[in-house]
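Visitor: Read off the chains here:
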Amino acid sequence: MIALVLISTLGILLYGQFLLNPANRGDLLPYAMVITAEAILVVQALMAMWTILSGGSDPRDFAFHQAQAALYDRGAVSRRGLADQRREWPIVVGGRRRVVDVFVTVYGEELEKIETTVRAAVAMQGEHRTWVLDDGRSDEVRELCGRLGARYVRRLSGNGAKAGNVNHALSLTDGDYFAIFDADFVPDPMFLHETVPFFVDERVAFVQTPQAYGNLRSLVSRGAGYMQAVFYRFIQPGRNRFNAAFCVGTNVIFRRDAIDDIGGMFTDSKSEDVWTSLHLHERGWRSVYIPSVLAIGDAPETIEAYAKQQLRWATGGFEILLQHNPFGLNRRLTMDQRLQYTVTATHYLTGIAPLLLLLVPPLEIFFDLRPMNLHISVLQWVLFYAGFYVMQIVLAFYTLGSFRYEVLMLATVSFPIYVKALWNVITGKDVGWHVTGGARKAKSPFNFIIPQVLFFVFLALTSLVAVGRDLDNRVLTLATLWNLLNTLILGSFMVVAAREARRLRIQNQGIGERRRPVAAPVQQPVRQPERQPVSVRTVIATPYPNRAEEAIR
Amino acid sequence: MTWASRMKLTVGVIVVVALVAIFTVVFTQRQSEVVSSSASIQAQRYEVGTEYSGDVIKQNVRVGDAVKAGDTLFEVRSSTVAEALSTDPARFASSGSYTVSPDGTMSFVATGDGTVSKVGAQVGTFVPNGTVLATIDRAGSLFVESDYRLTPRDYERIERGARVGLMLPDRTTIPGTVDRVTVQTVNGVARTRIRVVSDRLREGARGGLIAPGTPIEATLSLRQDGIFAGAQDAVLAFLKKIGL
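Line by line, the protein sequences are chains A and B. Numbering (my numbering) for the first sequence: 1 to 553. Numbering (my numbering) for the second sequence: 554 to 797.
The following block holds chain A by itself, in its conformation from the complex (with noise of 0.2 Å):
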């Protein structure tokens, strides 16, 4: 793993000592675009790969292990009688008793899906009180808690989203700490098992668990999926080693006393979770990040469910950048924090950059400008690329097992989003709120996909006139195979949009409701270690991706 990052770091100097060439440079305007482009890039990969470094070392020290082992009240246990129900086992931390709340956050969500959560939140080893809280304001959803056991919370406003939903409820609460659960994500029932011990330390703020995926049947939800496999298991450890991973909104318990110290969740923003953190560590909290999947849910299944959430973190991203820049003077932060929050507020500007790229083949077709001088080679730049992207897949590759089309693709045809993101940062422009995977009747795709329409339509044209000049001039360029390339990556997203709009136009239709989704055959990857030959020999085999490509499937 080492080795692979630094000989991607090699392959990224070498591609940057490439285009910073003096003798290389093109015309300005495309030259910028690629200096740009790249720049963020490729800061942000260098970035990435000093965090993925840095993530090796295991949380849990001697003071969790030893509060883990005396982490139930046995004597209680024994006196009421209660060693069949792990539910009622009395939690304690550092000699005391603690009250623990779980909290699922509802808003409109399926009734089916709200009860497996919910039936799952009460069933958590360890004696908690579970309270749904209801943005949704909906009576079934009272009966179902009544059903099964957790308290029901409605509140009368829908003031600050789901941060002020928690706020509302942490009015109504006095537990010692509070877990987040979106109403989608099912907790495993260790999940205080795991978590809660880590408050043996006072500072510690908040733990933190990953978000793993139980749905990844569309193409959508599986590139969705994958582009944040790296960030949970990879990101956040390393994050975690600097006290700088921060909250998700999910999956997570926090310590009252800490949301108390800083006034709250915080609700200016739609991107509570980070700002939340944010704060915290500002006020020298502690936070902790356990890349153990103690909780599955729902990727965006949809382009508009996706659309919107990559809509909301990049907006809270931006909003940090510019609202609030961990580099001001008067942050109370360590400069591995404030590095590691300007990475998270600048990650999205990596969806920018392919906006730029995309550009460039036009602007060398339509009015002769490379970025690049002419005495290049077609060869060079093969060459050069894949210095630079060859060790991206491959590193892909090796983190996640496989280098996934899904993401390449999301990754390309994202920008809109991010473009539309900053914009409303900028202009101050506030957005809707929502729920990933929402239970409304669905809206076709194209709706939210309208600038990738547009721009497929461009590049097409684009490539008919530069395979005309082609022909006519009787030189293949790159120009034309970049260009055909990015058309070709569009295009497969247009053909994913056409195949889901046609699938949410069946649903919504109430026929073949029983259908699988066209787009999505299910795979299911085929293990079998019992029908490994027997060998004589000792066999060394690279470890199998494990614990958190085994959530994600």
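These are calculated hints, taken from the structure and not from any lab test. All of these numbers come straight from a predicted model, not from anything done at the bench. A virtual CB, placed ideally from N, CA and C, is assigned to each residue, including glycine. One should not assume that every hint holds.
[Claimed, not checked] Pair by pair, the computed Cβ-Cβ distance ranges are:
id : chain 1 : residue 1 : chain 2 : residue 2 : range
1  : A       : Y405      : B       : I575      : 31 to 37 Å
2  : A       : L471      : B       : E586      : 17 to 23 Å
3  : B       : Q777      : A       : H324      : 53 to 59 Å
4  : A       : K443      : B       : I575      : 32 to 38 Å
5  : A       : W423      : B       : R759      : 48 to 54 Å
6  : B       : V564      : A       : A411      : 46 to 52 Å
7  : A       : Q323      : B       : D778      : 55 to 61 Å
8  : A       : D472      : B       : R716      : 16 to 22 Å
9  : A       : L6        : B       : E586      : 49 to 55 Å
Since the structure of chain A is provided, determine the placement of chain B on it from the hints.
Guide: For chain B alone, coordinates are given in the frame of chain A:
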């Protein structure tokens, strides 16, 4: 899709198609034109010189003077001529560029209209035989000589009589046509030299900018045979018709 989205999409597609059309026109235009690496206005010139040595006794013109055919330019008195006259008076009768008086003075005259561009002698000096006394740019003979670096394919697309836009230093453009094409190799690079003629190249016009030696930019139109040529011509003709 909602109707609002449909509207947005339709308008967007129209805009994109229009943009691509405009870009394609620009692109085809660029494909069919090539700009000179260097070009300047030149003129045909003739020289007036003396066959016999002698003293310059009169100079009637200076550099820049306009002359007409028959105007006297210089007078040179030569003892050689005087001596030859005394032995064979008929000897100098047929020369067109000078007349001889009995005392051996040669009067050099302009053989065509034009402008004096160079003077080779002054009054009171001795000139040996073979001296060029004056160089005269012939009136109405201006042309442009322009150099291009062309690919073989572009070279093949040059046509005799093709349009050339001649941009003067004041950024006005006058039309010209290809007259003659030659290729010469300089420092291992093949340069195409094109001679361009134009009836708008009148000496002294445009505040004196049109004169031999003025550097200009000559944009050569190549024959269009790409697949976009037809569409391109149609669009341009349309734009011209509606007055753009």
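Visitor: Looking at the structure, which of the earlier hints fail to hold?
Guide: The structure conflicts with hint 6 only, although it agrees with all the remaining ones.
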